[in-house]
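**Student:** Spelled out from the first residue to the last, the chains are:
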Amino acid sequence: MLAMILAGGRGERLYPLTRDRAKPGVPFGAIYRIIDFTLSNCLNSGIRRIYALTQYKSTSLHRHIHLGWNILSAPLGEFIEAVPAQQRIDEHWYQGTADAIFQNIHILQVERPDLVLILSGDHIYKMDYRKMIAFHLEKEADMTVAAIRMDRNLSREFGVIEVDGDWRIIGFQEKPEEPKTIPKDPKGILASMGIYIFNTEVLVRRLIEDVRSDSSHDFGKDIIPMMIGKDQVFAFDFRQGDCGEAGYWRDVGTIDAYYEANMDLISVTPQLNLYDAQWPILTHQPTSPPAKTVWIEEGRVGTALNSIISNGCIISGGNVRRSLLSPNVKVHSFAEIEDSILLEGVDVGRNAKIKRTIIDKEVQIPPGMEIGYQIEEDAKRFTVTASGIVVVPKGIRL
Amino acid sequence: MKKKILVVEDEESLRLLYEEELKSEGYEVFTAGNGREAIQQLEIGKPDLIILDIVMPVMDGMEALGRIVSGERKIPIILNTSYSGYQQDFMSWAADAYVTKSSDLNELKKKIRELLDKGKVR
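Going down the list, the protein sequences come from chains D and Y.
At the far end of the first sequence sits residue 398, using the numbering used here, and the numbering has no gaps.
At the far end of the second sequence sits residue 122, using the numbering used here, and the numbering has no gaps.
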C-alpha cells in the first residue's frame with residue numbers, strides 16, 4: 001500500500017491565509033497544519049509509505065513536512081516525502097487531480113504497490129483507512145471511494161455518488177443541482193470525500209485513458225464516471241471508519257468554515273477530539289517554554305478562559321476568552337482577546353481589543369488598537385467575511 | 001491525401017529503411033533522430049501516426065511518449081524497440097501498440113494500417 005496525498009490545493013477561498021501557503025499548510029487548531037490530520041490518519045492506519053504531491057506555494061509545506069514528519073524509518077522502507085511538481089512529463093502544472101498522479105507515474109513504476117490510496121491534504125477528519133482497505137478487498141473492487149452523508153441542499157459543493165444496495169457505484173454527478181438522494185433518505189446525499197483506493201494497474205490504465213482524451217483530468221469529474229459500468233467501483237461508508245467521531249469531516253474551504261471548525265475545539269466537548277491517545281494527531285511545533293499567565297493585582301489580571309493556549313504564550317495582564325493561541329503569542333496588559341484565532345508569534349499590545357478576528361503569524365498589534373468592533377472600518381484594510389470574521393494577514397505593518 | 005508518419009529512430013540505417021519501406025506503402029514519411037527532435041517535428045507538422053524507438057540519446061522514447069500524449073493526445077503511437085522488457089514500464093501502456101523490432105516489417109505495417117483505419121472510424 002502506497003499513499004499519495006494531493007497537497008497542491010490553492011485554497012483560494014481561504015485567502016489571505018493562503019496568500020503565502022498552500023491550503024494543506026494552513027495552520028489549524030493552534031499547533032497543527034491542515035495536512036497533519038491526513039498524515040496522522042495514515043500513520044495511525046499503519047500506512048508508512050507516503051508521498052505528498054505539492055504544487056503552489058509549497059515552501060512552507062515542505063518545511064513543515066521536513067521538520068515535523070521526518071519520523072519514519074528509511075531502512076525499514078518507510079517514508080513521508082514531499083514531492084514538488086517537477087514537469088517531468090508535461091510542461092504544465094497539474095491540470096487536475098488525476099493529472100497530478102499521472103505526472104508522477106514514475107513513482108508508481110518504482111514503488112509497484114498493489115494498492116494506491118489517494119488522499120487530499122485539504123480536510124480535517126480522523127479516519128481508519130484500514131477499514132476502507134478491508135472493504136475494498138472484500139468487495140474485490142478495482143476502485144473504492146469514501147463517501148459521507150451530507151444534506152441534499154449542499155449537493156452543488158460535492159461529487160454525489162449513487163449506489164445500489166451493495167454499495168456498488170451506479171452513478172456519479174459532479175456538483176449537481178438535482179442530486180440523486182440516498183434511498184429511503186430523500187434529504188441526504190452521499191458525497192465523495194476525495195479519498196480513493198485503486199488497484200494500481202487499473203489506476204494506471206484509467207489515468208492513461210484519461211490523459212489521451214479531452215478531459216479535465218479530475219478523479220471526480222472524469223475518472224469515476226469513466227469507470228462506472230466498466231470496472232468494479234464501490235463506495236465506502238465513512239461512518240464505518242470514522243474513529244468514533246460521528247462522521248466528523250470538514251473541508252474548511254472558506255474562512256467562515258475554517259473559523260467555525262477552530263472554534264469547535266474550544267467547546268467543552270468538541271466534535272473533534274484531539275485528546276484521543278488511540279488516534280494521536282502529530283505535528284511539528286517549535287520547542288518553546290510552557291505557556292504562562294502573569295499579573296494578579298487590582299485591575300490587572302492575566303487570564304485565559306475557555307481557550308487553547310500553546311507553548312511559549314505569555315498572557316501578561318491581558319484577558320483571553322474563547323480563543324485559540326498558537327505558540328509564542330504575547331498578550332500584554334489590559335488587552336482583550338475574544339472569540340479569536342491568533343497564529344504563531346502574534347503580539348497584542350497594551351489595551352488592544354480583538355474580537356472575532358483571525359490574526360496570521362508574527363503580526364504586531366499596536367497598543368490600543370481595536371479590531372472586530374467596527375466591521376465597516378475593518379473592511380477598509382482587512383478581509384472581512386460575510387459573517388463578520390476579520391482576517392489580519394501575515395506581514396502587515398499596523 | 002497521403003497519411004503522414006513520423007519515424008523516431010536514432011540508428012540512421014534503420015531510419016532510412018523505414019522511410020523507404022513506408023513511402024513505398026504510400027505514406028508520407030518524416031523522421032527524427034531522438035525524442036527531442038520528435039517533439040520539435042510535432043510543432044512543425046502534425047503526423048497521423050508516430051513510430052517511436054525507446055533507447056535513444058538526448059531524449060529516450062519513454063520520456064518523449066509522456067510528453068507527446070500530454071500534448072497531442074490523439075495521435076496513435078507505436079513503440080518500436082528491440083527489447084520486450086519495456087512493456088513492464090507503466091508509461092509504455094500509453095502507446096497504442098508495441099511492436100518488437102524485426103527485419104521483417106510486416107507486423108509493423110499491419111499495426112500502422114490497423115491504427116490508421118481505427119482513426120478513420122473516429
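Just so you know, the hints here were simulated from the structure itself, not pulled from any lab data.
All values reported here derive from a predicted model rather than from experimental measurement.
Treat each hint with caution, since some may be false.
[Unchecked claim] Derived pair list, reagent style EDC-like, types lysine to aspartate or glutamate, alpha-carbon separation capped at 20 angstroms: (1) Lys74(Y) / Asp218(D); (2) Lys2(Y) / Glu209(D); (3) Lys118(Y) / Glu174(D); (4) Lys230(D) / Asp256(D); (5) Lys46(Y) / Asp90(D); (6) Lys74(Y) / Glu174(D); (7) Lys230(D) / Glu174(D).
[Unchecked claim] Far from chain Y by the CB rule (all over 12 angstroms, computed), these chain D residues: (8) Thr59; (9) Gln95; (10) Phe102; (11) Leu108; (12) Arg149; (13) Ala257; (14) Pro280; (15) Pro393.
Quick reminder that beta carbons are idealized off the backbone N, C-alpha and C, glycines included.
**Student:** Confirm or reject each hint.
**Tutor:** Status of each hint after checking the structure:
| no. | hint | in the structure |
| --- | --- | --- |
| 1 | Lys74(Y) / Asp218(D) | 19 angstroms, holds |
| 2 | Lys2(Y) / Glu209(D) | 28 angstroms, violated |
| 3 | Lys118(Y) / Glu174(D) | 32 angstroms, violated |
| 4 | Lys230(D) / Asp256(D) | 40 angstroms, violated |
| 5 | Lys46(Y) / Asp90(D) | 18 angstroms, holds |
| 6 | Lys74(Y) / Glu174(D) | 26 angstroms, violated |
| 7 | Lys230(D) / Glu174(D) | 19 angstroms, holds |
| 8 | Thr59 | 26 angstroms, holds |
| 9 | Gln95 | 9 angstroms, violated |
| 10 | Phe102 | 8 angstroms, violated |
| 11 | Leu108 | 6 angstroms, violated |
| 12 | Arg149 | 36 angstroms, holds |
| 13 | Ala257 | 35 angstroms, holds |
| 14 | Pro280 | 36 angstroms, holds |
| 15 | Pro393 | 36 angstroms, holds |
This entry does not satisfy hints 2, 3, 4, 6, 9, 10, 11, going by the numbered hints stated previously.
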